[in-house]
Amino acid sequence: MSSIANIGQRLYRGEVSYDFVGRWKRWYVLSAIILLVAVASLAFRGLNLGIEFRGGADFAIPNATCSVTEAREVAEAESGGQTIVTVASSGTMRVQTIPLTSAESIELSESLGDVCGVAASEITVQVVGPTWGAEISSKALQGLVIFLVLVTIFLSIYFEWRMAIGALVALVHDLVITVGIYALLGLEVTPATAIGVLTILAYSLYDTVVVYDKVKENTRGIAGQSVMTYDEAANLAVNQTVVRSINTSLTSLLPVLAIIIVGAGLLGAGTLLDLAVALAVGMAAGTYSSIFIATPVLAQLKRQQPEMKALAARVQARRKQAAKATAKSGDSAGDSAGDSAGNGAGAAAGAASEKAGSATTASPASPEELRELARVQSGERHQPKRKSRRKRR
Numbered sequence: 005m006s007s008i009a010n011i012g013q014r015l016y017r018g019e020v021s022y023d024f025v026g027r028w029k030r031w032y033v034l035s036a037i038i039l040l041v042a043v044a045s046l047a048f049r050g051l052n053l054g055i056e057f058r059g060g061a062d063f064a065i066p067n068a069t070c071s072v073t074e075a076r077e078v079a080e081a082e083s084g085g086q087t088i089v090t091v092a093s094s095g096t097m098r099v100q101t102i103p104l105t106s107a108e109s110i111e112l113s114e115s116l117g118d119v120c121g122v123a124a125s126e127i128t129v130q131v132v133g134p135t136w137g138a139e140i141s142s143k144a145l146q147g148l149v150i151f152l153v154l155v156t157i158f159l160s161i162y163f164e165w166r167m168a169i170g171a172l173v174a175l176v177h178d179l180v181i182t183v184g185i186y187a188l189l190g191l192e193v194t195p196a197t198a199i200g201v202l203t204i205l206a207y208s209l210y211d212t213v214v215v216y217d218k219v220k221e222n223t224r225g226i227a228g229q230s231v232m233t234y235d236e237a238a239n240l241a242v243n244q245t246v247v248r249s250i251n252t253s254l255t256s257l258l259p260v261l262a263i264i265i266v267g268a269g270l271l272g273a274g275t276l277l278d279l280a281v282a283l284a285v286g287m288a289a290g291t292y293s294s295i296f297i298a299t300p301v302l303a304q305l306k307r308q309q310p311e312m313k314a315l316a317a318r319v320q321a322r323r324k325q326a327a328k329a330t331a332k333s334g335d336s337a338g339d340s341a342g343d344s345a346g347n348g349a350g351a352a353a354g355a356a357s358e359k360a361g362s363a364t365t366a367s368p369a370s371p372e373e374l375r376e377l378a379r380v381q382s383g384e385r386h387q388p389k390r391k392s393r394r395k396r397r
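By the working numbering, the letter at position 324 of the sequence shown is numbered 328, and the numbering carries on one by one without gaps.
If you're looking for bench data, these hints aren't it; they were derived computationally from the structure.
Glycine included, C-beta positions come from ideal geometry on N, C-alpha and C.
Hints may contain errors.
Stated by the list, open to error - What follows is a list of derived Cβ distance ranges for each label pair: (1) Val-149 x Ala-81: 38 to 44 Å; (2) Pro-259 x Glu-311: 41 to 47 Å; (3) Arg-27 x Glu-311: 20 to 26 Å; (4) Arg-307 x Val-247: 23 to 29 Å; (5) Gly-133 x Lys-29: 46 to 52 Å; (6) Gly-85 x Lys-220: 53 to 59 Å; (7) Gly-26 x Pro-259: 31 to 37 Å; (8) Arg-323 x Gln-146: 49 to 55 Å; (9) Asp-118 x Val-33: 54 to 60 Å; (10) Val-214 x Ser-125: 50 to 56 Å; (11) Val-247 x Gln-309: 28 to 34 Å; (12) Ala-124 x Pro-259: 38 to 44 Å; (13) Arg-318 x Leu-261: 45 to 51 Å.
What the hints assert, rightly or not - Below, a list of computed lysine-lysine pairs in the DSS-like style, where the Cα atoms sit at most 27 Å apart: (14) Lys-220 x Lys-29; (15) Lys-313 x Lys-220; (16) Lys-313 x Lys-324; (17) Lys-29 x Lys-313; (18) Lys-313 x Lys-328.
Construct all of the structure, not just a fragment, from the sequences and the given hints.
Laid out in structure tokens, this is it:
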């Protein structure tokens, strides 16, 4: 744990850095592959909508002694339509049919009770009309659209519209992946699933806002200096928050996994499973998108601004001058070393100086440069100290 904390501190101080923003192509390719699988699953398999969305009759049979095949044959014969039969770990059998009338539901309950060795009065029946299911679907979509619109407005006001676009791309990314996983695995989509999806969108947004807030702090006044580009400052922000994002996700996933294993696996609570799976998939996707998608999208949008292009040119020119100065000083050191110790030692010194010059170019933001950037952001200037005049007695 101490080593992990040490890595986090070094990332925060900028002593070590991973180029999350600069390697945006590989993240986009990975996301494109995952999104392609998700969209293909939605197109070819579709969503397994629960009875609350498609309408129908649901029969819960406790302590059923019949097999799934026997229950399906009886239900399809009585209802005249396709039937879905599942068995929970608690032993309760769930039979879902097309919409039925009250009389048809009573007849099917008696038939299922006779086959499964259960009294008809012990079977719980839930009938949902197709109109109510369509209304629930419409309200879920309306809630999603309103959420995305409010998020875009809020981020545009608090940050800027480019950050709002980056966050919106990350949210849609997480939404498609989560829904695609449900289609790929054939998991049932219930109102609890819709609640879970909206919850993970809020979680993903929170994670992205934390990263963007650090980006905003690191890039304050960045156009007035020539130490680092916007991409590098944004990448520094991701490095400073990546350990926190991962730790937050892990601590959030542990209770969700407990719900999946204990609540759904052992107790057979289907509603808990619907909610927990959406939370688990969404949290993992949200952590990924806040680190690998949101900030690279923002950096690409900011890169098109004229002032950021001018900043990148100034930084590049400054580093070229620094590399030339380092190479020149290395050549001088090599000449002096050659006069005193021979040509072999001089060549070694020249090679060492060239290596130092290349190292300087490879690490564009040293701790000293970061401190200089911090002084620029805080508005400090290097001013000579004024000597205080002593009053004559």
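* Asked: Against which earlier hints does the structure fall short, listed by number upward?
  -> The structure breaks none of the hints.
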